[in-house]
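Chemist: Chains as they are written, first to last, in the working numbering: chain A, -19 to 435; chain B, -19 to 435.
Check before you lean on any hint, since a few could be wrong.
Identical copies carry no separate label here, and so any pair may be met within one copy or between two of them.
As a list, the in silico EDC-like pairs of lysine to aspartate or glutamate whose alpha-carbon atoms are at most 16 Å apart [claimed, not checked]:
id: 1; residue 1: K(-17); residue 2: E74
id: 2; residue 1: K113; residue 2: D51
id: 3; residue 1: K355; residue 2: E404
id: 4; residue 1: K197; residue 2: D328
id: 5; residue 1: K71; residue 2: D51
id: 6; residue 1: K197; residue 2: D182
id: 7; residue 1: K179; residue 2: E204
id: 8; residue 1: K66; residue 2: D51
id: 9; residue 1: K195; residue 2: E213
id: 10; residue 1: K66; residue 2: D55
id: 11; residue 1: K54; residue 2: E67
id: 12; residue 1: K70; residue 2: D51
id: 13; residue 1: K210; residue 2: D391
id: 14; residue 1: K407; residue 2: D182
id: 15; residue 1: K382; residue 2: D303
id: 16; residue 1: K179; residue 2: E201
Don't read these hints as lab results, they were simulated from the structure.
2 protein chains.
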Amino acid sequence: MSKPSLARGTRDFGPEIMVKRNFIFDQIKIVYQKFGFLPIETPAIENLSVLMGKYGEEGDQLLFKILNSGDFAKDLKENDLEIGSKEILKKVAEKGLKYDLTVPFARFVVMNRHLLTMPFKRYQIQPVWRADKPQKGRYREFYQCDADVVGTESLICEAEIVAMLYEVFENLHIKNFVIKINNRKILTGITESIDAAGKESDLCVAIDKLDKIGKEKVEIELLEKGFTQKNIENLQTLFNLPHDQKQLFAALKNWLAGSEEGLKGVYELESVWNLVENLGISISKIAFDPSLARGLSYYTGAIFEVKALDVSIGSIAGGGRYDNLTGTFGMPGVSGVGISLGVDRIFDVMQELNLFPEQLSVIGTKILITNFGEKSLPISLEVLSFLRNNGIKAEIYPENSKMKKQFEYADKKNIPFVLVIGEEEIKIQKFNLKNMLSGEQTLLSKEQLIAQLHV
Amino acid sequence: MSKPSLARGTRDFGPEIMVKRNFIFDQIKIVYQKFGFLPIETPAIENLSVLMGKYGEEGDQLLFKILNSGDFAKDLKENDLEIGSKEILKKVAEKGLKYDLTVPFARFVVMNRHLLTMPFKRYQIQPVWRADKPQKGRYREFYQCDADVVGTESLICEAEIVAMLYEVFENLHIKNFVIKINNRKILTGITESIDAAGKESDLCVAIDKLDKIGKEKVEIELLEKGFTQKNIENLQTLFNLPHDQKQLFAALKNWLAGSEEGLKGVYELESVWNLVENLGISISKIAFDPSLARGLSYYTGAIFEVKALDVSIGSIAGGGRYDNLTGTFGMPGVSGVGISLGVDRIFDVMQELNLFPEQLSVIGTKILITNFGEKSLPISLEVLSFLRNNGIKAEIYPENSKMKKQFEYADKKNIPFVLVIGEEEIKIQKFNLKNMLSGEQTLLSKEQLIAQLHV
Chain A
-19 MSKPSLARGT RDFGPEIMVK RNFIFDQIKI VYQKFGFLPI ETPAIENLSV LMGKYGEEGD
41 QLLFKILNSG DFAKDLKEND LEIGSKEILK KVAEKGLKYD LTVPFARFVV MNRHLLTMPF
101 KRYQIQPVWR ADKPQKGRYR EFYQCDADVV GTESLICEAE IVAMLYEVFE NLHIKNFVIK
161 INNRKILTGI TESIDAAGKE SDLCVAIDKL DKIGKEKVEI ELLEKGFTQK NIENLQTLFN
221 LPHDQKQLFA ALKNWLAGSE EGLKGVYELE SVWNLVENLG ISISKIAFDP SLARGLSYYT
281 GAIFEVKALD VSIGSIAGGG RYDNLTGTFG MPGVSGVGIS LGVDRIFDVM QELNLFPEQL
341 SVIGTKILIT NFGEKSLPIS LEVLSFLRNN GIKAEIYPEN SKMKKQFEYA DKKNIPFVLV
401 IGEEEIKIQK FNLKNMLSGE QTLLSKEQLI AQLHV
Chain B
-19 MSKPSLARGT RDFGPEIMVK RNFIFDQIKI VYQKFGFLPI ETPAIENLSV LMGKYGEEGD
41 QLLFKILNSG DFAKDLKEND LEIGSKEILK KVAEKGLKYD LTVPFARFVV MNRHLLTMPF
101 KRYQIQPVWR ADKPQKGRYR EFYQCDADVV GTESLICEAE IVAMLYEVFE NLHIKNFVIK
161 INNRKILTGI TESIDAAGKE SDLCVAIDKL DKIGKEKVEI ELLEKGFTQK NIENLQTLFN
221 LPHDQKQLFA ALKNWLAGSE EGLKGVYELE SVWNLVENLG ISISKIAFDP SLARGLSYYT
281 GAIFEVKALD VSIGSIAGGG RYDNLTGTFG MPGVSGVGIS LGVDRIFDVM QELNLFPEQL
341 SVIGTKILIT NFGEKSLPIS LEVLSFLRNN GIKAEIYPEN SKMKKQFEYA DKKNIPFVLV
401 IGEEEIKIQK FNLKNMLSGE QTLLSKEQLI AQLHV
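Looking at chain A on its own, in the form it has when it is part of the complex:
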């Protein structure tokens, strides 16, 4: 006998949670489809050659690796033990679990390049796995909901991503959110303009803390990271950027005038703002955030992040443009841009703000038929099939238990109606329908029953 337990950082989802999660998935799918994205799925298991080296050294560490089947240790030598896990890994594991949906998607695009119509728009809703230290809100197995367009550099795609985010969160009744946007080229431009080229990463980490620790402490951190006093003087413009959109873009152009890359970034940013307005969307929930970097891993243009306000939950969506992702699989020149929604975080936001629709509480069966044993069973089963054939979710209590127990079952499962079919009812061919909420009871024929339940 083994004591049952969940693997660390994983979760079961019972019916109540599933219904709420499916509500979120469905709303996302509806929007993705409305914008012309088509579904694909890739396997959970990928060859490690596909995954390794795509997420930085830390990412490689966080990949779950799968032991080769059969006698996996047959090639291990004493010498391997001395070198350690890294050497042994190469000999015992060729496969791993996918870490995100973007890299497998890039693999899919490259392997299906001759079949796909470009630009290719796909969405993908699947679990991913990361061997992170589990903590509140961070799991080792969690779902991502991605939409990406590859095969075009058009900034319309960036604007459409913003439009999709608006529509998804509107449909989920998450009203208070901000879509932070940055552009990798602007980050490059800033480092060039302050004479600190190549230090985007350190710069981001520091200025990301501006809200929390204030300007002075940010400057101290920059000095510690090797930025000069002169660098920091040049950076002052960043702390004083205007909030008004037009002034903002003008100020950026002025500041980054010496960096071709930086100006290109500002132009891209401005274009996205204009295209979003063309799509009829208020830009009030979009904010330029020069500290946004999201790891900088493979982004080359726009960088997105969505934060829900009113709650202290991290970002609920993130994404950006990448120019070189299929290049790592031998297919250069395919630019892509995408967004990934974090269902677990969105769930937490909706739970905390009580945003799930009321009707999700009745999640299953609409009517339970009581079981009075063998004599009434044939009629009960006949009525049961009649109800189901009329599209009503119905079940019969499987055992001839006490009425109290059968009603308790309906109550606990939140089943709104119970139909009592006993000897008396069979005689008169009318059945006793009890409304579990109001307590009201009505004698109804089969046909009347359908009419009543379809209301």
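For chain A, the structure is supplied; the task is to place chain B on it using the hints.
Modeler: Okay, now just chain B, sitting in the frame of chain A:
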């Protein structure tokens, strides 16, 4: 640069396949829900302590094991290498990928015993993993669609499973199938009646081949397996069982009169037949098959298997009753019965018999708006949002490419309508709608467009 490849025995699903698979999933879900089953999900990753020993020795071999994170080899000693993989496994892997949905469900039930309302009916649609040798129609990662009831021994559940199978396959237009039913107790009864108690497994393997190799060869195999000539003489009744249902049950009762367990099995079988008829279902597609065993692993009562006729594809569903599954996790006395549908096989059957509905060929966008560049873009994007806000799946071609290319895109993606918005159209505020199938073109206002597309 790494050459992209799929891990052996795994598959990508592109949009056309996804839409067809989702059609199957949806039909199954609708029926499961109509019968009062609620959805749950369990993680892909389970502790090996939960999985090992539940599927026999072969099953243990076929489990995918996950390497522990971090410095997994730090406890390995030279001595371990000498003992080999089995010893090393214990030190380097604590987790694995789930092998089916039933054992994780049993774990779920035990861990949530105080929260669940019994009898508990759940369905679960998720991938499972087996390190089998990949071959045509057999994958290492594939979906199962399970429905189980636990917490009752009522045979109504068996009858409802039959009813669900009828409805699922009817909805999928798979008309020609047979539901084979056996009962583990009858198998036991037969071995007792022929004086070969305990040899159910060998008996099944042999008589399973009756159709293929004929009675004589089956008897030779039984002799080889250690059955005596006397055993085989006693077994003759099996080869001459009547087809008529009433006669069949009478013959079985007569034959197995000496085995209490066997008679109980016949009684159960007969009850299921009657309950199925009570549910208004023709029993013409149900067949008693005494050779059906499905590995015998954890089944204790009914055993089900569904075969599609007209095609040479193996079983498309299987299941049965198990009395001891939660017992292995320390919770005895919970009887359950369930069915598992094999979506990959069902897909193959539907593909081969051309059963997917026509309308699944238009899987995404309903209308593509052309892109004539900057001048017309604001109006094009406005119309795009207008269409989407009216619930129409719409997209704009993201680049200002040649018209031919844009139309080709619509054609390849099977988009039924293209809307041309050029300078002329903007002047008169009417847009040119082209029906890609008929070639017909119509000038329409925005409002007329909606009316046209909603038809």
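Chemist: So which of those numbered hints doesn't the model satisfy?
Modeler: Violated: hints 4, 13, 14 and 15.
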